[in-house]
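A.B. asks: Construct all of the structure, not just a fragment, from the sequences and the given hints.
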Amino acid sequence: MATISELRVHRGRRAEAWLLVLAWAIAVLARGLVDYHADFLELDELGWYALGAAGLAAVLHVALRVLAPDSDQVVLPTVLGLIGVSLAEIRRLDFAYADRGRDTDFGDSQIGWVLLGALAFIVVLVVIRDHRVLRRFTYTAGILGIILYLLPAVPGLGREINGAKIWIGIGSHSLQPGEFAKILLVVFFAGYLQTNRDALALAGPKFLGMRLPRMRDMGPLAVMFAAALLIMIDQRDLGAALLFFGIFIGMVYVATQRVSWVVIGLVMFIVGAVAAGIAFPHVGARYDAWLHAMDPDVYSSGRSEQLVRGLFGMASGGLFGTGLGNGRPDLVPYAESDFIIASLGEELGLTGLMAILTLYVILVQRAMRTAIGVRDGFGKLLSAGLGFAITLQVFIIVGGVTRLIPLTGLTTPFLAYGGSSMLANWIVVALILRISDQARRPAVRAEAKPETTPAARRRPDLEEEPAE
Amino acid sequence: MSQLSITLLRLGFLLLLWSLVLTAIAVLRSDLYGTRVVTRGRGRTARTRDDARAQKQAAPSRAGTGIRTGAVSTKERTQGHLAVTSGPLKGATVPLGAAPILVGRAPTCTLVIEDDYCSSRHCRIFPEDDGWRVEDLGSTNGTYLGNQRVDDPVPFREGDVIRIGATSLELRS
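Heads up: the protein sequence lines correspond to chains A and B, in order. Okay, so the first sequence: first residue is 1 according to UniProt numbering, each after it adds one. Okay, so the second sequence: first residue is 1 according to UniProt numbering, each after it adds one.
One or more of the hints may lead you astray.
[Stated by the list, open to error] Just the calculated beta-carbon pair ranges, DEER-fashion: (1) B/E158 - A/V361: 44 to 52 Å; (2) A/G47 - B/L8: 54 to 62 Å; (3) A/L51 - B/L4: 54 to 62 Å; (4) A/R102 - B/T7: 36 to 44 Å; (5) B/T7 - A/A98: 19 to 27 Å; (6) A/R102 - B/I25: 37 to 45 Å; (7) B/A26 - A/A58: 17 to 25 Å; (8) A/V223 - B/F126: 41 to 49 Å; (9) A/F137 - B/R149: 53 to 61 Å.
[Stated by the list, open to error] Computed far set for chain B versus chain A, every beta-carbon distance over 10 Å: (10) R10; (11) A24; (12) G97; (13) G146; (14) V161.
[To be verified] Short, incomplete list of chain A residues facing chain B, as computed with Cβ under 7 Å: (15) L19; (16) G323; (17) T358.
If you are wondering where the hints come from, they were derived from the structure by calculation, not from laboratory data. Yeah, the Cβ is synthetic: ideal placement off N, Cα and C, and Gly gets one too.
C.D. replies: This is the structure:
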């Protein structure tokens, strides 16, 4: 056990403002380059885009000053930087598709989703003034999360797009409920583990220098494992299953500090994955495409075509990339969603891709730092869990595209085209900032101004430990 | 635009991307290197006053766990300290002053112990007649001084060990 001395928090939000200027410059320059290469550069339009981007950044900055004045300063610029790059790349793919006679407007609709996401961000910060309120909805969140995960399986409501049943249709729109279920399940795990942490961490038999949990405490793990398997089999969504199980294992580890949980979880997942590969042909095909991607038979049968094209794209990008708008990322199917990492790798090169991955590292580091700093166990688990969700999601999709692990369809947070993912990730960031506001609030002010958290004062159930 | 300026813009964009990354890290620098981590436990029992002071400034690493700062001031006349020799808070010390010390799970206690076998307000350690006494506050699982269950206030001398659930507290000079 270790304690960490209180850090000197940068007061004010000036650092954020400066970082936002950089993020804004990235967004505008990226779009300018894309427009130039598409012979579409109109300074008027670019000017309006720059103005709009500056307006959005300013509104969010002011909103944070008012709603969460002590929250982390780096998170928002990081997110807007990622979005700035992504919007340009998606627009660039629109141009490329138009050249080939395919009329798409991913770029413009993604801008709409970003604005909607920013609105959701502000709404979450306004509605949730204290993250501990969420603890009251532990089981509600758990049940809702599972319902959302299972919604696409409902006949008539679920839609199968490209072989994955992870969508529900509302009118002409389709929605990926799993993205939102992810957040609800993190809330559920945080509340559940905060209550049952002691039982899970309790001593059991010792094996190979690890303390194993007691058999009866394995129950929740078994349930989560079964749920993950169910998602994998029913919805053919390997990525979501891995994400779901990974978040759970990560949060159990944070709650109990027991390495044995991680080892048991990994062993269970590997056994389950191998068994699924043998039992289900569509899973086996994924493994085949991963292990023998360069095999001419596998390639020409179309199973590894997308993956290999993505790899070739990244290879042609080299160290510094072909330049935004100058490559051929459109040769990869789904270059704007699943394979946006390959598109960016081609046009920005290894240097640009590393910068993007480092931005994710910074984002996750802020979530973890918030978890260390916040003073209540629920907030710790919630923040760490949300950090894990981003980490795993990025790992699964980037690992899949770079052929480190089998490719599974997951969205890249803030980069990939898709409304559900954009909205859900804005909500994740809002929650992290809400917790970080509490974590970084100076103790003196927190005590001098107890009215900032009146709910916590009135409600004894929000206290850390219930009275006996 | 010439090919050269386009190449420059292309590389300039990468530079801009990295400048966002590096500036963000620069903002975090104090956060990455500026904290002081005090490791507790690992069988170390003897604690110096400096560590106690460092822990007073330290935020509790787990909510509800740790020593409530401000309740005991080191400026007061200290009469030794209370050392946690086992349990989740192992290695922590509480300097003893003129004020009584409340031990329990409630966040308002001086020493907050997160243990299923510890009551909200478990026991009280208070000064009396030049010495210390320990009194159980009607806890569910009891406070033990040696092998004796404590009920009414009993003297708590230097070197004595009280046991609350998995936690042991020793009085030291």
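A.B. asks: Now tell me if each hint is right for this structure.
C.D. replies: We went through each hint and held it up to the structure:
no.	hint	verdict
1	B/E158 - A/V361: 44 to 52 Å	51 Å, holds
2	A/G47 - B/L8: 54 to 62 Å	22 Å, violated
3	A/L51 - B/L4: 54 to 62 Å	30 Å, violated
4	A/R102 - B/T7: 36 to 44 Å	30 Å, violated
5	B/T7 - A/A98: 19 to 27 Å	26 Å, holds
6	A/R102 - B/I25: 37 to 45 Å	40 Å, holds
7	B/A26 - A/A58: 17 to 25 Å	23 Å, holds
8	A/V223 - B/F126: 41 to 49 Å	48 Å, holds
9	A/F137 - B/R149: 53 to 61 Å	41 Å, violated
10	R10	4 Å, violated
11	A24	5 Å, violated
12	G97	21 Å, holds
13	G146	24 Å, holds
14	V161	20 Å, holds
15	L19	6 Å, holds
16	G323	4 Å, holds
17	T358	5 Å, holds
Hints 2, 3, 4, 9, 10 and 11 from the list above are not met by this structure, while the remaining hints are.
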